[in-house]
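Colleague: With the sequences and hints as input, model every part of the structure.
So you can see what is in the structure, the chains are spelled out below.
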Amino acid sequence: MDMDNEDFKVPIKEKKKAYEVDFTSLSQTAIEKMMDSELEHIAGIFGVDRDTAALLLRHLQWNKERLIEKYMDNASSVSIDAGISSPSTSTSSPTIPSAPGPSRRTTSRSSTKVLGPSPSTSKQRRTPPPAKKYTPSATSFTCHICFDDSPSLKTRALGCEHTFCLGCWVDYLGSRIRDEQELVIPCMAESCALRAPDSFVRAILVPDAGSPEAKSMTPEEKAAGQKLWERFGELGVRDFVGANKALKYCPYPACTNTVSCPSASTKASLTRIVPIVTCGARGIPQTSQSPSSSSSSPALNPYAAGGGSSDNTTLDTAASKEHVYCFGCPVESDHRPVVCGVARMWLKKCADDSETANWIKSNTKECPICQSTIEKNGGCNHMTCKKCKHEFCWVCMGPWTEHGTQWYSCNRYEEKAGIDARDQQSQSRASLERYLHYYNRWANHEQSSKLSLDLYAKTEKKMESLQSSSALTWIEVQFMRKAVDQAVRCRRTLQWTYAMGYFLENDNMKELFEANQRDLERSVEELSELLEGPVPVDKEGIGVLRQKVTDKTVYVQMRNEVMLEDTANGLVEGRWKWNAPVEGFSYEEDGDVDVLP
Amino acid sequence: MDARLRRVNKEIADCKNDTTSNIKIELVGDTPFHLKGSFPGPEGTPYEGGHFEVDIVIPEQYPFSPVKMKFMTKVYHPNVSSASGAICLDILKDAWSPVLTLKSTLISLQSLLCSPEPNDPQDAEVAKHYTTSKASFEETAAYWTQIYAGGPGKKTSSANSAPVRDEIAMAGLERAHVDQFEALGFERTKVIEVLRRLNYRGANVASISEDKVVEELLR
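Chains as they are written, first to last, in my numbering: chain Y, 80 to 676; chain E, 24 to 242.
No false leads were slipped in.
The calculated label-pair distances, taken between Cβ atoms and stated as ranges, are:
#1 E:Glu190 x Y:Glu512: 46 to 56 Å
#2 E:Asp25 x Y:Glu261: 19 to 29 Å
#3 E:Lys39 x Y:Ala322: 43 to 53 Å
#4 E:Asp25 x Y:Arg257: 14 to 24 Å
#5 E:Ala158 x Y:Thr443: 46 to 56 Å
None of these hints come from the bench; they were simulated from the model. Glycine residues also receive a C-beta, built at the ideal position from the N, C-alpha and C atoms.
Modeller: Have a look at this one:
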């Protein structure tokens, strides 16, 4: 796919940092243009119309090479599979001169004269009832779906001549497009595999303004038809985007933008970069189609712009209005600096462990042999592991056999086996404690990010009080807002550094990493403290506070940059060693990580 | 008039007028959107002579989304859940077409009874039974027909009044096998449940060791 066409590119960022990726944001219109050029290409090569080309391309997931190959090999079989022609009507000629797909019939009852073949009933299994003839007779037509036989009935049929009334087609399209989110619209007749081409759908949903159909529609019907047609277009774009690895649809609700990020289109590339992108749209319901630069000034009041976007967990100014997401994985937030594979592992681990981990820690022990977690809910200390049948003493964790004749008096503290068992146990406890260490910090920063909503409100109050108590103007007290933004952003970075730290191998690199993390965390906490603190009443005090906060904000920002830059560079250099196998990375025998060349 | 209502009313009327197909559709309540269909078991199958009732719910989007059908009469069939009566049939899901009618769908159900699809089962245990020993499966299916669907061999009209239900025949097991494990001191219902789950039938009997059965019984 030709991604280099300058027409579709809207550069977002000029200078690029190590932790940023190259991407372009595309509006739905831009994607439609790309689709169009693909369609034109195929239509030109095969000498078919665009409807046919669209059905063919969708059938083969927009894989042009495969389509051309298969079409050249056997055009009629591809056409049948793609729902362009039905098996019985397909001609013997190798190429279809003009595909019967779009030949729609706009007939009113009086002019309906179909002598065509009876519907081909290539019977599927378990569909024994004999298919009736749906072809209307010349004298009277009854729609076989609604049983309406009024003489004024308008009818439609695909190339297969299975004719139904217009009202049923509208309802059917509605149920396919709106309820089932389907782009593929097969003929309504049983076992008929013909698919409705775009022009057919369009003619039913949004008939041309001058046509009699359009005149007979109520404004509500027109609006509904228009909406369905738009949805149909959106589904088409989604289909196209889904088939292209270098594109990803914006996951934000009601957003129709797409991001193109060819540098993150392969699995291997995700081990070297963290492709956090933004689709360029702002706010939750977005109508503007032009992707704007991310550097435009933040709105003064986040609530006014966000439209009460209380569902945002990551509420920094950029995130509340810009749609920030990861190109490489389904995590819908900025998980820098950690790579997708590790982020996923971490989230999975948290989902598995966090809730129960604390309880397990205080209430259970592990079987000394198979490490099954055992809860003792009463009875004697002679335990038999349900899994491996190992018998041991609950008190000393040694094998029960060593208790010899002195049953129930567990005084064998010095037994070798008992010590080993306790060692193993403490090891497993240690690993749990280690996890909890990281998890608690991770969760804490996440919680703090969520509380930022309150912080915004508080800050706003504080800014008002600053204004009233000093000669500062509204613009001048913006330093508070900027500080909050920065604090929230850094907390998100910190949050994910704990996920990264958990999976990092203990080596010098990790020590450096932790030093960076420590510096960032300390400065963020200091900044937060300043923000939460009381507002001085005198002018001098405010001046001092302003200076302090501004200084701290700049410092924190710098630390954050350092953290992100260093981790991103480390990824590119393959400097980080993981202590668990991460998806996408390949491993040498000694367990070291070897980043793919 | 609402298109859905018109269509359903017409379908019900058509079915009433049609005397050849033996398919019946009745109203359950006041609305025509909750119906009860019934048809005789197809000839030459273990279901012959039975009378099968189907619960029919017409969804809001009908006929653009498929009708919801399930067996009210218990059926022993790989594509019908023996517990809930849920049916696994392509035209009730993605192969539905708006031109299909209640009658044609009920005829499809009837023919589903003729030709089970054990490779796409709704009830895995029944499907296993079918693939292990077809003869034994048919015996059980016929027994279920007799007990639940008023099949031949017992001329009582109501299924509930069937005097003795043989749980062993219901499960499609051999009496000797059940007796054998019952003799070890396990409860009969438990033995039946475990043997059914293990598919202790036909050629499988040789491949499942007694120890394995006992182990399952002890669980």
